[in-house]
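Chemist: Residues per chain, in single letters:
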Amino acid sequence: AQSVSQHNHHVILSEAASLELGCNYSYGGTVNLFWYVQYPGQHLQLLLKYFSGDPLVKGIKGFEAEFIKSKFSFNLRKPSVQWSDTAEYFCAVNPSGGYQKVTFGTGTKLQVIP
Amino acid sequence: NAGVTQTPKFQVLKTGQSMTLQCAQDMNHEYMSWYRQDPGMGLRLIHYSVGAGITDQGEVPNGYNVSRSTTEDFPLRLLSAAPSQTSVYFCASSPSGYEQYFGPGTRLTVT
Chain A
1 AQSVSQHNHH
11 VILSEAASLE
21 LGCNYSYGGT
31 VNLFWYVQYP
41 GQHLQLLLKY
51 FSGDPLVKGI
61 KGFEAEFIKS
71 KFSFNLRKPS
81 VQWSDTAEYF
91 CAVNPSGGYQ
101 KVTFGTGTKL
111 QVIP
Chain B
1 NAGVTQTPKF
11 QVLKTGQSMT
21 LQCAQDMNHE
31 YMSWYRQDPG
41 MGLRLIHYSV
51 GAGITDQGEV
61 PNGYNVSRST
71 TEDFPLRLLS
81 AAPSQTSVYF
91 CASSPSGYEQ
101 YFGPGTRLTV
111 T
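Residue numbers (this note's numbering), protein chains in the order written: chain A, 1 to 114; chain B, 1 to 111.
A portion of the hints provided could be inaccurate.
Unchecked claim - To spell it out: a stretch of chain B is covered by chain A in this simulated footprint if at least three of its residues, at any positions, have a beta carbon under 8 Å from a beta carbon of chain A; those stretches are: (1) 73 to 83; (2) 99 to 108.
Said to hold, decoys possible - Capping the alpha-carbon separation at 30 Å, the derived lysine-lysine pairs in BS3-like fashion look like this: (3) A:K71 x A:K101; (4) A:K58 x A:K71; (5) A:K101 x A:K61; (6) A:K71 x A:K109; (7) A:K49 x B:K9; (8) A:K109 x B:K9; (9) A:K78 x A:K58; (10) A:K101 x A:K58; (11) B:K14 x A:K61; (12) A:K49 x B:K14; (13) A:K101 x A:K69; (14) A:K101 x A:K49.
What the hints assert, rightly or not - Taking CB as the label site, the calculated pair distances span: (15) B:R107 x A:R77: 27 to 35 Å; (16) B:P95 x A:D54: 38 to 46 Å; (17) A:A1 x B:G63: 32 to 40 Å.
What the hints contain is simulated information worked out from the structure, not anything from laboratory work.
By construction, the Cβ of each residue, glycine as well, lies at the ideal position given by its N, Cα and C atoms.
Sequences are here, hints too, so could you generate the full structure?
Modeler: What follows is the structure, encoded as structure tokens:
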């Protein structure tokens, strides 16, 4: 079974700082990778996804993520965060090919200080 | 489109009571899932369905039942509520079984 690790549980940044949230997974085969965001009091929304092709994927609101297969990583980045980016971020993975159960990481809470 | 809708938004139950959490989607997605979200544990899959009439267990199915009689609806039944089932419950649908579209959630407290 696959697993997902998000090592940063709580990150505090000042506005305009750069962001990188770590995500590592364990699975030996081909995977699909996702980042979801949950703003305070809201439901999860898809931020970006990787299925295949260019390992650098761009999502909404200026976020991007890079898939590094050799490191089993899919880190989320943003060059300059805003106060409105305060949220919890979840990495998720599922094996490619047919329906497979999605596994979520435990989440990283990002607090952006104005 | 309303997307994925869930009712109720909040619910308080006493231990031993049963109830059904409702979930509906209007996107004609084949795949639907139920997750629970607990602090520090992320989202854990309870049950899922790959189409009408087909359901299967996820990571934490004990104490919950599901059925999928139509493409649109995927109710989650708590058979005999326990304090350990206090959580936020999210329903999700997916066109492909990959990216998930989540509902607004139901916050359940069992006393």
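Chemist: If a hint holds in the structure, say so; if it doesn't, say that too.
Modeler: How the hints compare with the structure:
Judged by the Cβ-Cβ criterion of 8 Å, the segment 73 to 83 of chain B is not covered by chain A as claimed, because only 0 of its residues qualify and three are needed. Three residues within the 8 Å Cβ limit are the bar, and the segment 99 to 108 of chain B against chain A gives 7, so the coverage statement holds. This hinted pair checks out: A:K71 and A:K101 have alpha carbons roughly 22 Å apart, not beyond 30 Å. Annotation: proposed proximity of A:K58 to A:K71 holds, straight-line Cα distance about 20 Å (limit 30 Å).
At most 30 Å may separate the alpha-carbon atoms for a hinted pair to count; A:K101 and A:K61 meet this at roughly 27 Å. For the hint linking A:K71 to A:K109, the alpha-carbon distance of about 23 Å falls within 30 Å, and the restraint holds. Restraint check for A:K49 and B:K9: the C-alpha separation of about 28 Å stays at or below 30 Å, so the hint holds. Taking the CA atoms of A:K109 and B:K9, the gap is near 23 Å; set against the 30 Å cutoff, the hint holds.
This hinted pair checks out: A:K78 and A:K58 have alpha carbons roughly 10 Å apart, not beyond 30 Å. With a CA separation close to 24 Å, the supplied pair A:K101 and A:K58 stays within the 30 Å bound. A distance of roughly 42 Å separates the Cα atoms of B:K14 and A:K61; the hinted pair therefore is violated under the 30 Å criterion. Distance hint between A:K49 and B:K14 is unfulfilled; the C-alpha atoms sit about 40 Å from each other, more than 30 Å.
Our distance criterion of 30 Å between C-alpha atoms is met by A:K101 and A:K69, whose separation comes to about 20 Å. At most 30 Å may separate the alpha-carbon atoms for a hinted pair to count; A:K101 and A:K49 meet this at roughly 16 Å. About 32 Å separates the C-beta atoms of B:R107 and A:R77, a value consistent with the hinted range of 27 to 35 Å. Separated by about 22 Å at the C-beta atoms, B:P95 and A:D54 break the suggested range of 38 to 46 Å.
Checked against the hint of 32 to 40 Å, the C-beta distance between A:A1 and B:G63 comes to roughly 21 Å, which is inconsistent with it.
When held up to the earlier numbered hints, the structure conflicts with 1, 11, 12, 16, 17 and fits the remainder.
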